[in-house]
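Student: Sequence:
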Amino acid sequence: MRPIDLDTALREVVGGRTAAALDKQIGVVTVGELLHHYPRRYAERGELTDLGRLVVGEHVTVQATVEKATTIRMRSRRGAITEVVVSDGHHRVGLTFFNQQWRAGELRPGRSGLFAGKVTEFRGARKLNNPEYLLFADDAADGHHLDSIDGGGDSSDSGEAAADEFAATLIAVYPATAKLASWSIARAIRLVLDQLPPISEPLPEAIRARHELVGLDDALRGIHRPADHAQRAAARRRLAWDEALGVQLTLAQRRAAAAVNPAASRPHRPGGLADAFDARLPFALTAGQQEVGSEIAADLERTRPMQRLLQGEVGSGKTVVALRAMLQVIDSGAQAALLAPTEVLAAQHARSIEALLGDLALAGRFGAAESATRVALLTGSLPATARREALLDAAGGAAGIVVGTHALIQKTVDFADLGLVVVDEQHRFGVEQRDALRAKAAVPPHLLVMTATPIPRTVAMTVFGDLDVSTLAELPRGRSPISTAVVPTGERPAWVTRAWERVREEAAAGRQAYVVCPRIGDGLDEEGLATIEGPAGKEDEQDGYGAVLVDVDDPADAAADEMAPAAAVLTTAADLAAGPLAGLRVEVLHGQQPADTKDDVMRRFSAGEIDVLVATTVVEVGVDVANATVMVIKDAERYGVSQLHQLRGRVGRGAAPGLCLLMTGAPTGSPARERLDAVAATTDGFALATLDLEQRREGDVLGTSQSGRRSSLKLLSLRRDDDLIAEARAVALHLVEADPLLTGHPLLAAQVARAVDEERSQFLDKA
1 MRPIDLDTAL REVVGGRTAA ALDKQIGVVT VGELLHHYPR RYAERGELTD LGRLVVGEHV
61 TVQATVEKAT TIRMRSRRGA ITEVVVSDGH HRVGLTFFNQ QWRAGELRPG RSGLFAGKVT
121 EFRGARKLNN PEYLLFADDA ADGHHLDSID GGGDSSDSGE AAADEFAATL IAVYPATAKL
181 ASWSIARAIR LVLDQLPPIS EPLPEAIRAR HELVGLDDAL RGIHRPADHA QRAAARRRLA
241 WDEALGVQLT LAQRRAAAAV NPAASRPHRP GGLADAFDAR LPFALTAGQQ EVGSEIAADL
301 ERTRPMQRLL QGEVGSGKTV VALRAMLQVI DSGAQAALLA PTEVLAAQHA RSIEALLGDL
361 ALAGRFGAAE SATRVALLTG SLPATARREA LLDAAGGAAG IVVGTHALIQ KTVDFADLGL
421 VVVDEQHRFG VEQRDALRAK AAVPPHLLVM TATPIPRTVA MTVFGDLDVS TLAELPRGRS
481 PISTAVVPTG ERPAWVTRAW ERVREEAAAG RQAYVVCPRI GDGLDEEGLA TIEGPAGKED
541 EQDGYGAVLV DVDDPADAAA DEMAPAAAVL TTAADLAAGP LAGLRVEVLH GQQPADTKDD
601 VMRRFSAGEI DVLVATTVVE VGVDVANATV MVIKDAERYG VSQLHQLRGR VGRGAAPGLC
661 LLMTGAPTGS PARERLDAVA ATTDGFALAT LDLEQRREGD VLGTSQSGRR SSLKLLSLRR
721 DDDLIAEARA VALHLVEADP LLTGHPLLAA QVARAVDEER SQFLDKA
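Quick note, the sequence shown lines up with residues 1 to 767 if you use our numbering.
FYI, nobody ran anything at the bench for these hints, they're computed from the structure. Careful: at least some of the hints might be erroneous.
[What the hints assert, rightly or not] List of simulated lysine to aspartate or glutamate pairs, DMTMM-like, C-alpha gap at most 20 Å:
#1 K118 to D88
#2 K68 to E58
#3 K24 to E12
#4 K714 to D217
#5 K440 to D414
#6 K118 to E201
#7 K714 to E727
#8 K440 to D417
#9 K714 to D88
#10 K714 to D7
#11 K714 to E121
#12 K714 to E737
#13 K440 to D359
#14 K714 to D23
Required output: the full structure, derived from the provided sequences and hints.
Tutor: Set out below in structure tokens:
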């Protein structure tokens with residue numbers, strides 16, 4: 001038999017039946033994939049697991065000792081129930097077996113072992129029904145040894161070889177499923193490691209020495225069979241470093257490849273449209289806007305395609321910065337396309353740009369300035385005549401700026417000379433959509449992506465490592481402060497009454513309000529627009545070293561399923577108009593309305609003809625009504641931190657201060673309530689972005705969260721590995737600068753290819 005390596009199929013090593021189970025349950029098919037299925041935690045020998053922290057709905061593996069076992073005949077039907085109580089020394093949990101009386105003889109008081117099953121609750125007590133278990137020997141002199149595997153598990157390997165797996169100081173506990181126990185995975189990994197020869201080292205020795213990294217062979221063996229915590233930590237650091245390096249090398253290679261295909265230079269033209277716009281701006285640009293604008297202007301003059309991320313606080317003036325860049329491109333004879341995620345936002349952008357440009361946007365019309373251009377709006381629900389006109393303006397070049405939604409990427413849309421693509425709220429688009437728009441240019445266009453969701457440094461380095469990042473942290477003069485308060489609907493009903501009184505007071509003063517709801521109405525969800533989450537916004541559970549658990553049945557999701565239906569726009573608007581807001585002009589806005597209806601509602605709201613706008617999250621970004629001063633967000637616990645911050649940014653955009661009221665049924669002390677309290681405590685978007693990262697899934701930086709594949713990062717923590725990511729980024733840039741294809745480092749190139757396969761690589765390239 002030929003020696004096995006990381007690419008060897010598991011069926012050749014562990015047998016077809018086991019390989020099939022590993023593939024079906026945890027999605028691994030090769031030796032390398034199995035060895036990169038890391039332990040979720042480690043049980044200390046002699047240290048019992050805390051049973052007091054079990055959560056109903058989770059599939060857990062616990063270490064405990066049997067206290068008692070009894071068998072009771074059922075009265076209502078034939079058969080018996082065997083009830084076993086196990087303890088970790090502080091708390092107890094029950095094990096229930098149906099018609100398996102012999103369990104009482106095997107699970108004798110005093111026996112210790114590992115027990116795996118899904119946590120349920122019966123009459124207030126935590127239970128594991130029909131759990132699998134692994135018992136330790138009663139009288140092992142050198143620690144607990146494997147005695148048996150039962151509960152439906154495969155006990156064919158219950159001799160000394162398997163016992164060795166559990167005789168070490170640390171017991172590896174793996175992410176598992178209800179049909180594949182942790183120890184079954186451990187047994188397969190032991191079989192692989194026993195047959196695997198030393199793994200060749202892909203990382204140059206100089207890099208390993210400089211960053212004090214253990215060898216790959218030692219790391220893969222040490223992560224699964226650590227002798228102590230120090231070996232585990234060293235193994236974890238090397239493997240997390242490899243993950244960071246794989247991402248950074250791929251990003252660096254994509255960046256280098258993009259530079260090979262030149263873009264057209266789009267230099268600033270003195271006396272052109274851009275200068276005319278600057279001369280008539282009714283406000284002074286902030287220092288940040290001027291600095292970022294200079295960076296972008298310099299990028300546009302180069303023949304290397306600009307790839308820049310512009311992030312800024314809500315209301316920091318990103319649109320003006322992007323517009324100045326678009327005008328520079330128009331002055332060079334090309335066009336700019338602005339891609340927005342919703343029709344409401346696209347229409348808002350088109351109106352705002354036309355208002356800012358004035359007669360500079362009236363090309364071909366009466367009263368147009370000499371150097372004027374035209375702004376075209378293209379959305380999916382435009383009337384046929386308006387759509388035909390927009391298509392002709394884009395294809396013929398009459399429209400220097402084309403604003404649109406996903407409709408821009410359709411095959412029927414052509415541009416005369418697309419020189420700049422601006423993507424607003426880039427996280428709302430799939431990478432294929434952005435790539436399809438860029439492909440409409442004859443030569444690679446410059447790219448500017450914008451986000452009002454501040455991005456922590458590690459995320460920027462890891463997700464956007466191939467982009468230059470510009471940040472607008474300074475708010476324009478004249479922006480008013482926003483205060484935020486949590487309104488607990490169940491605990492403080494009087495506060496709810498007061499909240500609606502505040503809305504009436506603002507309306508009486510001539511100002512306006514938003515009321516945001518998660519749903520449109522019964523059976524109508526705002527697909528792609530309203531994000532409805534579980535009450536806890538629960539992140540994957542992780543151990544202290546960042547190992548992501550993939551097998552937990554999320555109790556937050558289960559709780560969400562049991563929650564009362566979320567507040568709906570249609571019913572809320574009707575209830576408010578007939579109740580606490582009677583007499584006010586109340587209208588609704590949501591994504592499933594016809595385009596002309598949405599446009600009419602927004603125009604009337606902007607004109608002050610509507611007092612209260614009850615809407616879904618179509619108002620989350622880009623909507624700019626200076627007279628709107630108060631926002632009520634119903635069922636606020638259903639939104640993420642960053643989304644709440646985005647929403648409240650719609651108020652306080654004028655001279656009067658803003659007020660955001662977060663209505664919630666989440667009880668005091670719950671994770672959801674703590675999240676809302678954190679949002680109410682600060683308006684610092686960067687602090688909230690970090691909190692959001694801590695509380696939510698980190699996602700897959702190589703795009704699998706969008707493509708539906710498993711996460712490629714298993715150990716690397718964007719929250720804790722800031723320095724490690726920075727180290728890997730510096731190494732990757734140096735390596736790719738000297739050797740773009742890594743031809744001089746074939747083992748390293750193979751490792752990157754193994755971790756970042758062609759599909760992910762193309763996905764990242766499009767991103």
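Student: All the hints need checking, so say for each whether the structure fits it.
Tutor: Here's how the hints hold up against the structure:
1. Distance restraint check for K118 and D88: the Cα-Cα separation of roughly 18 Å lies within the 20 Å cut-off, and the hinted pair is therefore satisfied.
2. For the hint linking K68 to E58, the alpha-carbon distance of about 24 Å lies beyond 20 Å, and the restraint is violated.
3. For the suggested pair K24 and E12, the alpha carbons sit about 17 Å apart, so the restraint of at most 20 Å is met.
4. As the CA atoms of K714 and D217 are separated by approximately 18 Å, the hinted pair is consistent with the 20 Å bound.
5. Straight-line distance between C-alpha atoms of K440 and D414 comes to about 7 Å, which keeps the hinted pair within the 20 Å bound.
6. Proximity of K118 to E201 is assessed by CA-CA distance (about 40 Å); at most 20 Å being required, the pair is judged violated.
7. A hinted pair counts as satisfied when its Cα atoms are at most 20 Å apart, and K714 with E727 qualifies at roughly 18 Å.
8. About 9 Å separates the Cα atoms of K440 and D417, which keeps this hinted pair within 20 Å; it holds.
9. Taking the CA atoms of K714 and D88, the gap is about 29 Å. The hint is violated against a cut of 20 Å.
10. Taken as a hint, the K714 and D7 pair is honoured in the structure, with Cα atoms around 19 Å apart against an allowance of 20 Å.
11. Of the supplied pair hints, the one linking K714 and E121 is violated, its CA atoms being roughly 31 Å apart against a limit of 20 Å.
12. The suggested pairing of K714 with E737 is violated, with an alpha-carbon distance near 28 Å, which exceeds 20 Å.
13. Straight-line distance between C-alpha atoms of K440 and D359 comes to about 29 Å, which puts the hinted pair past the 20 Å bound.
14. With a CA separation close to 18 Å, the supplied pair K714 and D23 stays within the 20 Å bound.
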